[in-house]
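2 protein chains.
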Amino acid sequence: MATFGDIGLAAGVNVLSALIFLIAFAILRLQPINDRVYFPKWYLKGLRGSPARSGAFVSKIVNLDWHSYIRFLNWVPEALRMPEPELIDHAGLDSAVYLRIYLLGLKIFVPVALLAWAVLVPVNWTNNTLAKSQATDNLQYSDIDKLSISNIPIGSPRFWTHVVMAYAFTFWTCYALGREYEKVATLRLHFLASGRRRPDQFTVLVRNVPPDTDESVAESVEHFFLVNHPDHYLTHQVAVNANKLAKLVKEKKSKENWLDYYQLKYSRNQSKRPVTRTGFLGLWGEKVDAIDYQTAEVERLSKEVAEEREKVKTDPQCIMPAAFVSFRTRWGAAVCAQTQQSRNPTLWLTEWATEPRDVYWNNLAIPYVSLTIRRLLIAVAFFFLTFFFMIPVTIVQSLANIEGIERTAPFLKPVIEIPFIKSLIQGVLPGIALKIFLIVLPTILMTMSKVEGFLAISALERRSALRYYYFNFVNVFLVSVIAGTAFQQLDSFLHQPANEVPRTIGVAIPMKATFFITYVMVDGWAGVAGEILRLKPLIIFHLKNFFLVKTEKDREAAMDPGSIGFNTGEPQIQLYFLLGLVYAVVTPVFLPFIIVFFALAYVVFRHQIINVYNQEYESAGAFWPDVHGRIIFALVFSQIVLMGLLSSKGEAQSTPFLIALPVLTIFFHRFCKGRYEPAFVKYPLQEAMMKDTLERAREPNLNLRGYLQHAYVHPVFKNDEDDDDDDGCEDDFNAKLDENVQVPTKRQSRRGTPVPSRISGESSPEVVHDSQES
Amino acid sequence: MATFGDIGLAAGVNVLSALIFLIAFAILRLQPINDRVYFPKWYLKGLRGSPARSGAFVSKIVNLDWHSYIRFLNWVPEALRMPEPELIDHAGLDSAVYLRIYLLGLKIFVPVALLAWAVLVPVNWTNNTLAKSQATDNLQYSDIDKLSISNIPIGSPRFWTHVVMAYAFTFWTCYALGREYEKVATLRLHFLASGRRRPDQFTVLVRNVPPDTDESVAESVEHFFLVNHPDHYLTHQVAVNANKLAKLVKEKKSKENWLDYYQLKYSRNQSKRPVTRTGFLGLWGEKVDAIDYQTAEVERLSKEVAEEREKVKTDPQCIMPAAFVSFRTRWGAAVCAQTQQSRNPTLWLTEWATEPRDVYWNNLAIPYVSLTIRRLLIAVAFFFLTFFFMIPVTIVQSLANIEGIERTAPFLKPVIEIPFIKSLIQGVLPGIALKIFLIVLPTILMTMSKVEGFLAISALERRSALRYYYFNFVNVFLVSVIAGTAFQQLDSFLHQPANEVPRTIGVAIPMKATFFITYVMVDGWAGVAGEILRLKPLIIFHLKNFFLVKTEKDREAAMDPGSIGFNTGEPQIQLYFLLGLVYAVVTPVFLPFIIVFFALAYVVFRHQIINVYNQEYESAGAFWPDVHGRIIFALVFSQIVLMGLLSSKGEAQSTPFLIALPVLTIFFHRFCKGRYEPAFVKYPLQEAMMKDTLERAREPNLNLRGYLQHAYVHPVFKNDEDDDDDDGCEDDFNAKLDENVQVPTKRQSRRGTPVPSRISGESSPEVVHDSQES
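Residue numbers (UniProt numbering), protein chains in the order written: chain A, 1 to 774; chain B, 1 to 774.
Just chain A, same shape as in the assembly:
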């Protein structure tokens, strides 16, 4: 059992490491050579071309201005200074709403902590149950426990304080949640309404176009919408299956890179022509002249790409039964997206098209039946992943032992047999197996979402986040609270009476407080401080910079701004919400640690969003219903656990009072769902009509068809489309657009995201526009 001293020590260590990270960051960020690591967002937006300072060569690498070191913490006020509307303009609504999650944490937990310390801590402290049990049963207890609910004698009327507090906390949490939901919904609607014209406002994605023997998909789509939306249909773009082409283009690019590398090498050292091998990764196979080989490869691939491009354009096999249908008005698109088109509800499925850069092209052609089966399979797979994930880890652990290594690599035997190294390997290997699994977990979950057939990257990330949260809840929270693997728990829960389950968890909760306090400090405090240091991108950037970079464009490519990573970041925050809500009544000492996390994370992520992260897509805060739902889940869970705990404390008569809490909370959730969720899934016709009318009045001669014609072309075609018919009209159009609808900002921003999205993997459509404009 940890005493205040132990906790203090742990806190000291973590605060120290967090401080070291922060100071290292404060120093490193001031070095011009690191400018692209710590301020990539500004480069991406084209607002910064090179480190601001100029002068001698040395001062381009190291910052010699000692004044700037004194103000080493001034990034904090800087990060906080940018007002929200400007932040939305700078980094997108998604980022701004994402930051509001941290803010919501503060809004919920600061008043809760104040109330808990004012009421619960004295109530808990002024008992001596633990001291007595120590005297009689020789029970060990910590100071933390003295402040927790454990210090109250069984059957004491003081438990009613906790019941009342549970009501107060629930009320406050719901109030904060409700206000936040309203605020985010307003932000979203405002963003959608006041945003500049975007192709997705006019476009609907139509899937499962039924095959027709007489007509091509394009004709079929055109006929259908001309008949059923005669006044509104404008144009459409059929989706093509360009997955193979995209792969070839990627391969070609990689070969070109290698060619560049060898040419650079040769130009530096002309004495020897570089040599490579033709096999896997250049490790095996025949030795050949590298430059000649790569040139030949690039030529071969160029030819193949050209062939494949032709094939995709002409072969009906490559035409997918899906299309992006554009309408004359937002009203028409809103109508089409929200209604059922055909008698058979599995054909002509319509939904809002996401932004072009948010489309996940590979999944456009999945038929309805296959989709339902995929859902089932993935649901079953996820169940097994969650509850049986220890099995493969254990197998790997049992295989990756000393004997196994000796068998596969006998030459290592003398080294391994050294006792120190042997014990090191034996001690570390199992941990590494688990760690590797946990590192690849988000990728596994993301792959699951892809297999499930979502059509937008944002939707993929949302679904992965949900799964990651469940996984964390079972394998981090529950497994930590109750010993045993997830499956053992599931088994024991199934064999326990339903009313015993909350009791089992409830009783274990107060005992794990110190563990979770340490967890919050390591994962939350030091982890978040580590995030701002960006150690991995820093090292990789300098390595690349040293070995590969020749031109300014290469340097740009060497930047790795990263992104918010909703699919891993949000579930992590949710774990803190869960811990905070569960411990609010039970161990109020916990709350300050949570608050420090939320405050620190808010500042750090605000800084990162402003200066570092690249925005991969804009879903206009579409994830908020998920965030809200998970906090509600945590709240209900905390109430049920409290019920279990109190019933084990001889306070069974408080159960009826506590049962009302989850019922009321779920009712509140349903109310919020009805009241605010439509703002996230539908698009009101009133709004659409208003914007249409306004636009018609402002720009009566708008060439909408030209604007929409190539908006949803597959990214691999984007380049040559632009090469082909780059008559300037589109650019003029865009320029005019910017002029007209732009929200006034202080900085001259160019909008758009010039870096391709990590997942769709191809160059984003807007890149081209931007580079042409500049």
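Be aware that a few hints might be false.
Pairs count within a copy or across copies, as identical chains cannot be separated in the list.
To be verified - Here are the simulated lysine to any residue pairs, SDA-like style, with alpha carbons at most 25 Å apart:
(1) 183 - 208
(2) 435 - 519
(3) 691 - 211
(4) 450 - 674
(5) 673 - 625
(6) 673 - 352
(7) 183 - 349
(8) 673 - 211
(9) 673 - 208
(10) 450 - 664
(11) 247 - 260
(12) 649 - 492
Since the hints were derived computationally from the structure, they do not count as laboratory data.
For this one, chain A is given, so just place chain B on it according to the hints.
Here is chain B on its own, set in the frame of chain A:
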């Protein structure tokens, strides 16, 4: 434990009583005097004016033609003869789809029974476990049990037969369900598409119109839809709060009835003017001349009605923030009904308007927040009703004892004190209290649905049916299987491990087979046969006929055709599905009893629907998703129970195989939901556009505004509206309509339902048209 002999005896008794009912029916229906009891539907449709036979006075009352008695069962082929399309035309799609539920029961259980008797019965029979246990433990067992799963020794590999059969039955049930869902969806879409023009095709109900200080509700609605649906908006009718007016009209009608009664009495016996009392029900108060008094009352009420009518029309307090908005095209209405109108999703709520006669007028003005709170309260209330309903019953039982009666009515004391009567009362009273509660239960549930705020009578009935099913499931099924009240069970289930619950139920299931067989025979066989006899309406009709009827119109009013009563009928059928599915694997002997029920009920209800029941509304089979969902629920429940039973039989290793069953079944349900449910909640635009185009080509000069203008007038206004502007245009219109769109049928039917719906309580709008046409 029942032997075959016992079951045979019970079957004999029930078959006998069913036969008596059927023979009584066969005789009574042939008497001309009962014609209006057994064939009211034909009178309602105006196809029959008086009993067909003519001749002497006696033959108007009693049928003397002995030939017709010989063919006393010929109503069965008659009932089966009418083909389904004609049935839909005659009694509406709802009735036809309702009959398909019985048919579905036959489709599922006949093959299941054949397979079960071919495979399971021999497998069960050729064991001697029960005989052995009788020898060793002196255990009693019945012949029924010898055919059931109980006869198989613990741990026997023969249980795998049951597992395989569970798969086969599940597969077959799902297949039948899927086919039926598809068929019903097709029927519905066909009905909606090929039906004649109906106002609800063009009309959307708009609720929660926001209050505006500058505009009236009517203006506000008109402006909103002119702006947001400029090309499609046609007209609208604001809903008024005429609940008080409707009450006054009803009161006036009742007084008029009394006046008629007394005038009739006086005309028969001129010697004495009838006298009445002014107090409650004419039982208390001052004695007055009845005719004068009722005349004065009628006059007073006429005045009040006129005043209230004026008030409703002019007073803005009576205007509700809801309106029926009609569109030029079905397309426009389909769009408006399926989309969100306003930024605030709790304002301008749109949904398809139901038929005018299906509207539940009282609930049109409930605001959104109140609606969510009502839902919560009713959900909580229903929970208590289900689990604690025994409490009020017990209280009533304890109050309604001998002492209580003696206290309130001392003059009865001598009678009560007779030992025979005393024991009768003591034995019967508690049962009566329970029975009365069960009789009023559907009314309670209906009231709950009304409080919850549904807007259509069909929706009220659907929701009540759901609740009634849950109530039956808990308080009839579970309470019969396991002893104790529902609350005791809930309590014990909460205190049992989750995996013990199915085992507890599963073990009890085979033991209750004989009980449920008896239940099926009493409630199913004899009950259904009793339904066709219509004893209560028969008696009431003749009483009314004797005392009240003066004119042909009175005689029409004395008819009580009744209706299907979806809210009580469907949950009852579902109980049989549940029993059949649960016992299919466990006690296959059960199945023939279920099959007899479904066959008998199908014939009886087909006869009733053709000849008796009045159609109160037409929801085009909107209840099918509920029916489907409940059968799926029963299927999953039966699988879980089987899992519990087998695990208690030492066959725990079969559990993984059985777990797959509910997963697959739920997956199948989700597939069906996605595939077919949209046909029940949405209206495809393609369909709407097709009908619109067709109509425009056929009737280019259609006066749609005239057609829709008064379609959704509150029924109390319907009469005077028609009196006011009865310029014949509307009738011509209707006539033209019938001519054009009517589906050719053998009989000259007039469509529509001339009798007011039981629940909305006012005269149905179409009555007037019909009586004017004739």
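**OP:** Go through the copies and call it for residue 673 and residue 625: within, between, both or neither, with a Cα cutoff of 25 Å.
**Re:** The answer is both: 8 Å in one copy and 24 Å across copies each meet 25 Å.
Original post:
When no copy is named, should residue 435 and residue 519 be tagged within, between, both, or neither for a Cα gap of at most 25 Å?
Top reply: Within one copy only: 16 Å inside a chain, 61 Å across chains, cut-off 25 Å.
**OP:** Can you give me the call for residue 183 and residue 208, within, between, both or neither, at a CA distance of at most 25 Å?
**Re:** between (37 Å within a copy, 22 Å between copies)
Subject >> Copy assignment of residue 673 with residue 211, given that the CA separation must stay at most 25 Å >> reply: between (38 Å within a copy, 24 Å between copies)
Original post:
When no copy is named, should residue 691 and residue 211 be tagged within, between, both, or neither for a Cα gap of at most 25 Å?
Top reply: Answer is between; shortest inter-copy Cα gap is 24 Å, intra-copy 36 Å.
Original post:
For the identical chains here, do residue 649 and residue 492 meet the 25 Å Cα criterion within one copy, between copies, both, or neither?
Top reply: both (22 Å within a copy, 21 Å between copies)
**OP:** Indicate which option fits the pair residue 450, residue 674 if close means a Cα-Cα distance not exceeding 25 Å: within, between, both or neither.
**Re:** Close across copies (20 Å), not inside one copy (29 Å); limit 25 Å.
**OP:** Indicate which option fits the pair residue 247, residue 260 if close means a Cα-Cα distance not exceeding 25 Å: within, between, both or neither.
**Re:** Within one copy only: 20 Å inside a chain, 90 Å across chains, cut-off 25 Å.
Subject >> Status of residue 349 relative to residue 183 across identical chains (alpha carbons, at most 25 Å) >> reply: Only across copies: residue 183 and residue 349 sit 22 Å apart there, 32 Å inside one copy, limit 25 Å.
Subject >> 25 Å Cα threshold - placement of residue 352 relative to residue 673 >> reply: both (20 Å within a copy, 22 Å between copies)
**OP:** Give the relationship of residue 450 and residue 664 under a CA distance limit of 25 Å: within one copy only, between copies only, both, or neither.
**Re:** between (36 Å within a copy, 22 Å between copies)
Original post:
Given identical chains, is residue 673 near residue 208, meaning Cα to Cα at most 25 Å, within a copy, between copies, both, or neither?
Top reply: Close across copies (18 Å), not inside one copy (30 Å); limit 25 Å.
When held up to the earlier numbered hints, the structure conflicts with none and fits them all.
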